[in-house]
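K.L.:
Chains as they are written, first to last, in the numbering used here: chain S, 41 to 463; chain Y, 41 to 463.
Hints listed in this document are in silico derivations from the structure and should not be mistaken for laboratory results.
Just so we're clear, the structure is a prediction, and the values are computed from it rather than from any experiment.
Please note: incorrect hints may appear among the correct ones.
Within a straight-line C-alpha distance of at most 30 Å, the following computed BS3-like cross-link-like pairs (lysine-lysine) qualify [as the list claims (entries may be wrong)]:
#	chain 1	residue 1	chain 2	residue 2
1	S	Lys127	S	Lys168
2	Y	Lys275	S	Lys462
3	Y	Lys76	Y	Lys168
4	S	Lys125	Y	Lys275
5	S	Lys390	S	Lys76
6	Y	Lys366	Y	Lys125
7	S	Lys76	S	Lys455
8	S	Lys45	S	Lys168
9	Y	Lys332	S	Lys298
10	Y	Lys125	S	Lys275
11	Y	Lys102	Y	Lys76
12	S	Lys332	Y	Lys127
13	S	Lys332	Y	Lys298
14	S	Lys462	Y	Lys332
15	S	Lys125	Y	Lys332
16	Y	Lys390	Y	Lys351
17	Y	Lys332	Y	Lys275
18	S	Lys275	Y	Lys462
19	S	Lys351	S	Lys76
20	S	Lys398	S	Lys125
21	S	Lys168	S	Lys125
22	Y	Lys462	Y	Lys125
23	S	Lys125	S	Lys366
24	S	Lys455	S	Lys127
25	S	Lys127	S	Lys298
26	S	Lys351	Y	Lys351
27	S	Lys332	Y	Lys462
28	S	Lys127	Y	Lys332
29	S	Lys332	Y	Lys125
30	Y	Lys351	Y	Lys398
31	Y	Lys76	Y	Lys351
Protein chains: 2
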Amino acid sequence: MSRAKLRNALYAQSGGATAVINASACGVIEAARRAKARIGKLYAARNGILGALNEDLIDTTKESAAAIRALKHTPGAAFGSCRYKLKSPEEDRAKYERLVEVLRAHDIGWFFYNGGNDSADTTLKLSKISAAMGYPLSAIGVPKTIDNDLVGTDCCPGFGSVAKYVATSIREAGLDVASMASTSTRVFVLEVMGRHAGWITAACGLAAERAGEPPHVLLFPELPFDEATFLARVKQTVESVGYCVVAVSEGVRDAQGKFLAEAGSVDAFGHKQLGGVAPVIAQMVQARLGYKPHWAVADYLQRAARHVASKTDVDQAYRVGQAAVKLALEGRNAVMPVIVRTSDRPYRWKIGVAPLDKVANHERRVPRDFVSADGFQITAAARRYLAPLVVGELPPPFRNGLPAYVRLRNAPVRKRLQSAFKA
Amino acid sequence: MSRAKLRNALYAQSGGATAVINASACGVIEAARRAKARIGKLYAARNGILGALNEDLIDTTKESAAAIRALKHTPGAAFGSCRYKLKSPEEDRAKYERLVEVLRAHDIGWFFYNGGNDSADTTLKLSKISAAMGYPLSAIGVPKTIDNDLVGTDCCPGFGSVAKYVATSIREAGLDVASMASTSTRVFVLEVMGRHAGWITAACGLAAERAGEPPHVLLFPELPFDEATFLARVKQTVESVGYCVVAVSEGVRDAQGKFLAEAGSVDAFGHKQLGGVAPVIAQMVQARLGYKPHWAVADYLQRAARHVASKTDVDQAYRVGQAAVKLALEGRNAVMPVIVRTSDRPYRWKIGVAPLDKVANHERRVPRDFVSADGFQITAAARRYLAPLVVGELPPPFRNGLPAYVRLRNAPVRKRLQSAFKA
Numbered sequence: 041m042s043r044a045k046l047r048n049a050l051y052a053q054s055g056g057a058t059a060v061i062n063a064s065a066c067g068v069i070e071a072a073r074r075a076k077a078r079i080g081k082l083y084a085a086r087n088g089i090l091g092a093l094n095e096d097l098i099d100t101t102k103e104s105a106a107a108i109r110a111l112k113h114t115p116g117a118a119f120g121s122c123r124y125k126l127k128s129p130e131e132d133r134a135k136y137e138r139l140v141e142v143l144r145a146h147d148i149g150w151f152f153y154n155g156g157n158d159s160a161d162t163t164l165k166l167s168k169i170s171a172a173m174g175y176p177l178s179a180i181g182v183p184k185t186i187d188n189d190l191v192g193t194d195c196c197p198g199f200g201s202v203a204k205y206v207a208t209s210i211r212e213a214g215l216d217v218a219s220m221a222s223t224s225t226r227v228f229v230l231e232v233m234g235r236h237a238g239w240i241t242a243a244c245g246l247a248a249e250r251a252g253e254p255p256h257v258l259l260f261p262e263l264p265f266d267e268a269t270f271l272a273r274v275k276q277t278v279e280s281v282g283y284c285v286v287a288v289s290e291g292v293r294d295a296q297g298k299f300l301a302e303a304g305s306v307d308a309f310g311h312k313q314l315g316g317v318a319p320v321i322a323q324m325v326q327a328r329l330g331y332k333p334h335w336a337v338a339d340y341l342q343r344a345a346r347h348v349a350s351k352t353d354v355d356q357a358y359r360v361g362q363a364a365v366k367l368a369l370e371g372r373n374a375v376m377p378v379i380v381r382t383s384d385r386p387y388r389w390k391i392g393v394a395p396l397d398k399v400a401n402h403e404r405r406v407p408r409d410f411v412s413a414d415g416f417q418i419t420a421a422a423r424r425y426l427a428p429l430v431v432g433e434l435p436p437p438f439r440n441g442l443p444a445y446v447r448l449r450n451a452p453v454r455k456r457l458q459s460a461f462k463a
Numbered sequence: 041m042s043r044a045k046l047r048n049a050l051y052a053q054s055g056g057a058t059a060v061i062n063a064s065a066c067g068v069i070e071a072a073r074r075a076k077a078r079i080g081k082l083y084a085a086r087n088g089i090l091g092a093l094n095e096d097l098i099d100t101t102k103e104s105a106a107a108i109r110a111l112k113h114t115p116g117a118a119f120g121s122c123r124y125k126l127k128s129p130e131e132d133r134a135k136y137e138r139l140v141e142v143l144r145a146h147d148i149g150w151f152f153y154n155g156g157n158d159s160a161d162t163t164l165k166l167s168k169i170s171a172a173m174g175y176p177l178s179a180i181g182v183p184k185t186i187d188n189d190l191v192g193t194d195c196c197p198g199f200g201s202v203a204k205y206v207a208t209s210i211r212e213a214g215l216d217v218a219s220m221a222s223t224s225t226r227v228f229v230l231e232v233m234g235r236h237a238g239w240i241t242a243a244c245g246l247a248a249e250r251a252g253e254p255p256h257v258l259l260f261p262e263l264p265f266d267e268a269t270f271l272a273r274v275k276q277t278v279e280s281v282g283y284c285v286v287a288v289s290e291g292v293r294d295a296q297g298k299f300l301a302e303a304g305s306v307d308a309f310g311h312k313q314l315g316g317v318a319p320v321i322a323q324m325v326q327a328r329l330g331y332k333p334h335w336a337v338a339d340y341l342q343r344a345a346r347h348v349a350s351k352t353d354v355d356q357a358y359r360v361g362q363a364a365v366k367l368a369l370e371g372r373n374a375v376m377p378v379i380v381r382t383s384d385r386p387y388r389w390k391i392g393v394a395p396l397d398k399v400a401n402h403e404r405r406v407p408r409d410f411v412s413a414d415g416f417q418i419t420a421a422a423r424r425y426l427a428p429l430v431v432g433e434l435p436p437p438f439r440n441g442l443p444a445y446v447r448l449r450n451a452p453v454r455k456r457l458q459s460a461f462k463a
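Bound-form chain S, shown alone (with noise of 0.2 Å):
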């Protein structure tokens, strides 16, 4: 069979970056390296699906074996993502269409979209109507999210990453609060990312292994924040152990369902200020109860921390990358490769199959019996979920002191479409 006649395929990346998006990209890419009886090049989209809707894509054979091996233990998205929801076929007709134009106009017949929920819908809803094009194509997704929110699939990768990121962090900020609570600070507020799911607060209670061990407080954007029972909670813990160690959601919401980070603060201009619960819970402890607080805002650097990855996230966004390319080979589409749990201990997980139409849309939030009674504690049941997924250091490669990361080229795919896309 001559190479020519080979169908090409394109893998994009959607929504935010994680540690190990890029784990997954090489999953990818080595894959379809190794299919080359099978698949001709494959593209990347730059930026995610707004690289498939303005043709601009690049030809990932001009990477080496040894950048695209980098990618591995590079974080970002390598290829750029984009934050960018399609709305519906009738909405949207036209858009969907242009992808299928472009696709066709590179004899795409295989595309591959790692991301959450909304490119899960993407990805089916870009296969319903190539179907009714008459083009063929197998959309497959690649999951991705730090939120761990995604059905279908036992975790997500990225999230495994960020769990221990923010569990280490807060054991080492523990230390180094429980040092000073005497003269200095008392409490210390760690805000982390996962605005309607608490799967990142759920983590840093990893951190505690014994009664006392800080975080002793987490405060979960599934369950309504109350003042008062909290400040009690605070001062019981400093009362007891000298301090206290909160590790609050960013998405935290009062019981009006209003977000505790936009509790009306203004800036000098009087314009509301941005973001950032953990600052209003300090000031509510500093104001309501004396403690001297200290508060960090781990924002990106909690997704992006590949120098503290988990091995077991690295694997399975790696694997998820491979059996992506597999599944399209095998000739599905609308599906997506899982995990799936075969054991707590020792952990064990293979890799599944997931249909787009039961995870696309859907968002998981962690169940109530994860939580203790009181709000405040993950349970064991939680404990005996996460405790695998932070599991195993990969560090990458440190050049000079830092993470050598890669930079790749992005070389772009020759245009073959006289229009350009309007957005």
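Following the hints, complete the assembly by docking chain Y onto the known chain S.
P.N.:
Coordinates of chain Y only, in the frame set by chain S:
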């Protein structure tokens, strides 16, 4: 010589904890244990100088060799620290006399105080007063501060690890922002410590190895902040690179000397908001330039991040601890072991000795020739100075996916004085 006749030693930790102050403790304790023919018991003061004032001492001989070894990889201050500055002997005479009384009660012949320039000052004064009171004491400082602002030493144990952490983190977050910039975050702001000296801010600059790499803008506490110049640079960077990463010192001030972090932001109740210059900068970028910002405040995470400590820093912290004991045994008094750099490339250093009166109460800021003319970058001279300090990895052991840090027993020493100290 019978063991009963040997004089004892006292070690105390002071000021903010670091990732490696316990490595210095390890150096002191291991050296004291090896000198068992000369030194009786090594005690530690609980919570720094307060423990000495309160006669609240810890018997380090109750700790196993393994526990002491583990201090070398454990952040925080294992014996507790404090923020408590003794005033002049004229103002605080009773406290200095109390200190000598406690030292005498426990037959302390050597005092090791591990801290910054305030601690050097306290150590110096204690040395003088004990001499005036006819109490024989060898008082030795052990350098420590993440701020790197001690004079008389090439660098300060604690700084290299923060430097490695912030440079690593901003490199990682930079890759994340670069991924997202096409449709989402354009500007990322990381706030770092260093209220008066911008060494940590400067260290962020190590992450950028080639033109255009993040961080693009550094904001030093040594230079007055000018909003227009800053915003112009951010705009120019976004227009040329696509995004902009900013590292800002918590201590940045405007031309009138007012901290930006206190820019008049108030919460819903009209209370002044607690610190946080990163949200102020982010708000400014959003309001004036319309770019979507994200911001992080590393706070204690940066100075507790033993998981990504610099091996150079750990080695130096350990060595100054050892050296302090050696100096004490040589009969030196009112001195501090310091780091002397003998070569930049290859980096070579040795232990030197500084008299405490040269160290106490001085503060070393970032020299102007370490900052580019425009004030937003580090120079080649700064890079030459900073680069070796972050080199080398010496991660802690991990257990179940998280760093395994030691908690000491911290068994109390029986009090010998009848009176309690009233601060």
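K.L.:
Each hint: holds or not?
P.N.:
Hint-by-hint comparison with the structure:
1. S:Lys127 with S:Lys168: Between Lys127 of chain S and Lys168 of chain S the Cα gap is close to 14 Å, so the pair holds against 30 Å.
2. Y:Lys275 with S:Lys462: Distance ~25 Å between Lys275 of chain Y and Lys462 of chain S Cα, so the pair holds.
3. Y:Lys76 with Y:Lys168: holds, 27 Å
4. S:Lys125 with Y:Lys275: holds, 27 Å
5. S:Lys390 with S:Lys76: The hint holds at about 25 Å.
6. Y:Lys366 with Y:Lys125: Holds, because 27 Å separates the two Cα atoms, which is no more than 30 Å.
7. S:Lys76 with S:Lys455: Satisfied, since the Cα-Cα distance of roughly 23 Å is no more than 30 Å.
8. S:Lys45 with S:Lys168: holds, 25 Å
9. Y:Lys332 with S:Lys298: Roughly 22 Å separates the two Cα atoms, so the pair holds.
10. Y:Lys125 with S:Lys275: holds, 27 Å
11. Y:Lys102 with Y:Lys76: holds, 15 Å
12. S:Lys332 with Y:Lys127: holds, 23 Å
13. S:Lys332 with Y:Lys298: holds, 22 Å
14. S:Lys462 with Y:Lys332: holds, 22 Å
15. S:Lys125 with Y:Lys332: holds, 18 Å
16. Y:Lys390 with Y:Lys351: Roughly 15 Å separates the two Cα atoms, so the pair holds.
17. Y:Lys332 with Y:Lys275: Holds: Lys332 of chain Y and Lys275 of chain Y sit about 12 Å apart, inside 30 Å.
18. S:Lys275 with Y:Lys462: Between Lys275 of chain S and Lys462 of chain Y the Cα gap is close to 25 Å, so the pair holds against 30 Å.
19. S:Lys351 with S:Lys76: Roughly 28 Å separates the two Cα atoms, so the pair holds.
20. S:Lys398 with S:Lys125: holds, 18 Å
21. S:Lys168 with S:Lys125: The hint holds at about 17 Å.
22. Y:Lys462 with Y:Lys125: The given pair, whose Cα atoms are some 15 Å apart, holds under the 30 Å limit.
23. S:Lys125 with S:Lys366: Since the Cα atoms of Lys125 of chain S and Lys366 of chain S sit roughly 27 Å apart, the hinted pair holds (cutoff 30 Å).
24. S:Lys455 with S:Lys127: Holds: Lys455 of chain S and Lys127 of chain S sit about 26 Å apart, inside 30 Å.
25. S:Lys127 with S:Lys298: holds, 27 Å
26. S:Lys351 with Y:Lys351: Cα-Cα ~23 Å, so holds.
27. S:Lys332 with Y:Lys462: Distance of about 22 Å is within 30 Å: holds.
28. S:Lys127 with Y:Lys332: Between Lys127 of chain S and Lys332 of chain Y the Cα gap is close to 23 Å, so the pair holds against 30 Å.
29. S:Lys332 with Y:Lys125: Distance ~18 Å between Lys332 of chain S and Lys125 of chain Y Cα, so the pair holds.
30. Y:Lys351 with Y:Lys398: holds, 28 Å
31. Y:Lys76 with Y:Lys351: holds, 28 Å
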